Amino acid sequence: MRLRQVALVAHELEPIVAQLEGTLGLHVAYRDPGVAVFGLVNAVFPVGGDFLEVVQPVREDASAARYLKRRGGDAGYMVILQAEDALPHRARLLAAGIRKIAEHDTRRYTFTHFHPGDFGGVLTSIDSVGGVDDWLDPEGDWPPAGRDWKAAKASDNIRGIRAVTIQSPSPAASAKRWGELLEAPVDGANVRLTGAAIRFVPPVDADGTGVVALDVAVRDPKPILAAARAQKLATSETSFQVCGISINLVPA
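For the sequence shown, numbering that gives the first Met the number 0 begins at 0 and goes up steadily by one.
Read the hints as simulated data drawn from the structure, not as lab findings. Everything numeric in this text was worked out from a predicted model, so none of it was measured. There may be inaccurate statements among the hints.
Stated by the list, open to error - Straight-line distance between alpha carbons at most 20 Å, and here's what the computed EDC-like set of lysine to aspartate or glutamate pairs gives:
| # | residue 1 | residue 2 |
| --- | --- | --- |
| 1 | K152 | D219 |
| 2 | K149 | D133 |
| 3 | K231 | E20 |
| 4 | K175 | D147 |
| 5 | K149 | D136 |
| 6 | K99 | E179 |
| 7 | K99 | D84 |
| 8 | K149 | D31 |
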């Protein structure tokens, strides 16, 4: 199983789009009209062969709107994993009592969105893509990013998402639980995926749940950090803050 996409949620979509374009040099590949069923608008960016999505709720009854209120502002929202075949994972998790909140089945694309209450407060999806020779190919088809996502690839400085960090009152216990749910190996408070990891850390805010950071592999962090400072975003020597999370710039 691999980490393929992470979604953030914002009160206002376009300012976050501008910040991601202006710092990481990302480009919007797709704005999915299908997310309207969830009361959302969105933008999806290629990050190497992975993807970063930002969603904005446009209906008061949208679950993302409730999530924004609970988290107290812009925040990490969703983890999307890719498997060779998502259907056996769906069957296994449903049999174990994990609740689903949405599903989609076509020859090209299958997903199951699982209830955040069963994944430590994080909306989680396990997806698969049909008709591909190698599901681990970083250049492979990814329907949530549209058919022409490669035309919107970032510069060669951006190599991919290497980890997602989730806060938890019990990091090691959460990692163990996620390892069981995903059938993935666990190392302390880290769940090991193909080419990436899910990391659990103690709470960093009052809510105590949710995605709080991403590791993005880059060849040279200096121009990114300079751009973040120019946009007056909070920075450290190796990271900057955007949409309520930390983007950690790690060596490619």
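Original post:
Failing hints, ascending?
Top reply: 4
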